[in-house]
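Engineer: Sequence:
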Amino acid sequence: MSSLLVSQPRYAWLRELGLQEENPGVYNGRWGGGGQVVTTYCPANNEPIASVRQASLEDYEETVKKAKEAWKVWADIPAPKRGEIVRQIGDALRQKIKVLGSLVSLEMGKIFVEGVGEVQEYVDVCDYAVGLSRMIGGPILPSERPGHALVEQWNPVGLVGIITAFNFPVAVYGWNSAIAMICGNACLWKGAPTTSLISVAVTKIIAKVLEDNKVPGAICSLVCGGADIGTAMARDERMDLLSFTGSTKVGKQVALMVQERFGRSLLELGGNNAIIVFEDADLNLVIPSALFAAVGTAGQRCTTARRLFLHESIHDEVVAKLAKAYAQVRIGDPWDSDTLYGPLHTKQAVKMFLDAVEQAKQQGGSVAYGGKVINRPGNYVEPTIVTGLPHNAPIVHTETFAPILYVLKFKEEEEVFAWNNEVKQGLSSSIFTKDLGRIFRWLGPKGSDCGIVNVNIPTSGAEIGGAFGGEKHTGGGRESGSDSWKLYMRRSTCTINYSKDLPLAQGIKFQ
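To convert, note that position 79 of the sequence shown is 79 in our numbering; the numbers rise steadily by one, no gaps.
Errors might be hidden in some of the hints.
Computed beta-carbon distance windows for the label pairs [to be verified]: (1) G226 x A75: 24 to 32 Å; (2) A327 x G131: 38 to 46 Å; (3) P80 x T346: 40 to 48 Å; (4) I77 x P142: 56 to 64 Å; (5) G437 x A12: 34 to 42 Å.
With a straight-line Cα cutoff of 30 Å, these simulated DSS-like cross-link-like pairs (lysine-lysine) come out [unchecked claim]: (6) K434 x K372; (7) K98 x K252; (8) K424 x K411.
Worth flagging that the hints you see were computed from the coordinates, not collected in a lab.
Ideal placement from N, C-alpha and C gives every residue a C-beta, glycine not left out.
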């Protein structure tokens with residue numbers, strides 16, 4: 001009997017997603033793949049799930065050509081009709097939401113309710129995109145010349161490359177693809193190699209909808225692969241927009257490669273997010289918020305709270321209450337409904353966690369809770385609270401993708417707002433206070449410099465209706481709601497002369 005989980009009776013549900021022992025990792029209207037075979041592993045027990053045959057560079061080349069051809073068909077379909085097809089994709093995901101959420105738990109490692117919630121985000125953004133498909137467009141502007149119209153025209157960029165990370169292997173692709181599709185773009189997706197089965201399963205669902213509507217499947221192409229495929233996408237002038245979600249280190253390399261060809265990129269990179277708690281805060285809100293933001297997804301969200309600034313008058317009380325709350329977190333298999341906290345994604349992540357805890361100790365920190373590997377199968381570590389470090393300790397300024405919360409004391413509003421902003425990243429931030437003046441100072445020009453600025457809620461849990469993204473080393477990109485759709489389109493300013501005269505600039509006249 002095969003050692004792969006996909007072949008074991010307990011995991012027979014994987015077949016509902018069309019998964020087998022070896023799966024083709026390329027889709028461009030047909031399934032294939034001539035590259036390396038990669039096996040993915042379950043983080044909860046490090047057992048092999050199934051394998052995916054990745055794309056070769058030849059597969060990539062063929063897929064880009066097919067996606068470009070598919071775009072010619074897709075761009076001619078009216079936007080509301082494109083929206084109808086995206087609506088059908090959302091409905092198809094709804095029908096598979098629990099089984100797909102289970103796969104997210106199995107392959108990524110997040111708890112089942114988060115896995116289902118992630119698929120729900122894709123469903124929600126499909127619903128959002130359907131409405132948007134009837135609203136996108138530019139204004140008719142007043143022209144200073146008689147008999148002229150000044151119009152702003154928006155057109156799709158063409159082919160959107162989407163590179164996603166392991167931590168949100170469904171939702172981030174959804175944020176990008178649903179909006180890009182209603183704008184009239186074709187999409188080419190490269191997911192994280194360690195969550196390749198999720199990429200294949202999601203693409204199978206989308207492909208059936210496209211095929212049922214008799215439009216080219218290559219509108220939503222897939223190329224599973226590693227750094228060679230990612231580099232090819234970044235350097236490829238046929239990639240009209242490249243959306244990259246991942247680390248700041250890799251994102252910088254991607255940005256430079258895209259900029260070298262004067263291409264367009266959308267970057268969603270790291271976050272070193274802070275929660276600031278003032279002395280007037282409602283601690284009944286603070287404790288569950290800090291717990292959820294720091295421990296959710298085992299600290300592997302880009303919006304995870306990594307710094308907790310506490311006013312010195314409430315520091316000890318909050319730390320004691322938080323440690324007590326941490327002790328009640330139920331740790332277990334991510335697909336068990338009682339579990340609140342699952343494993344880290346890889347063995348390498350466990351090593352990074354241990355290294356960070358050791359550095360924190362060496363720099364003067366004390367472990368108030370956790371700090372160790374849990375003795376059980378899989379990549380489990382204790383959710384960890386570290387106190388006693390200065391705000392500018394090197395480890396505090398380092399984003400470690402693990403459940404480590406650095407708790408720091410402050411005295412004054414001005415200093416703690418500055419400390420929030422002193423890290424290189426600028427993704428998410430939050431304060432807890434009842435002071436109305438302080439709230440508006442926090443939201444204002446001298447407040448938080450992040451893309452997400454919250455009050456009395458955690459740093460994580462962004463809604464799809466708002467633009468998601470951050471500043472500085474977070475990359476400056478925006479996805480999902482608000483006017484993020486503009487990033488997937490190109491703008492033309494069009495002047496139309498419907499008169500019989502030709503008024504020229506600067507009063508020039510031809511006799």
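Engineer: Hint by hint, note whether the structure agrees.
Structural biologist: The hints, checked one at a time:
no.	hint	verdict
1	G226 x A75: 24 to 32 Å	31 Å, holds
2	A327 x G131: 38 to 46 Å	45 Å, holds
3	P80 x T346: 40 to 48 Å	43 Å, holds
4	I77 x P142: 56 to 64 Å	32 Å, violated
5	G437 x A12: 34 to 42 Å	59 Å, violated
6	K434 x K372	37 Å, violated
7	K98 x K252	36 Å, violated
8	K424 x K411	23 Å, holds
Hint violations for this structure: numbers 4, 5, 6, 7, all remaining hints satisfied.
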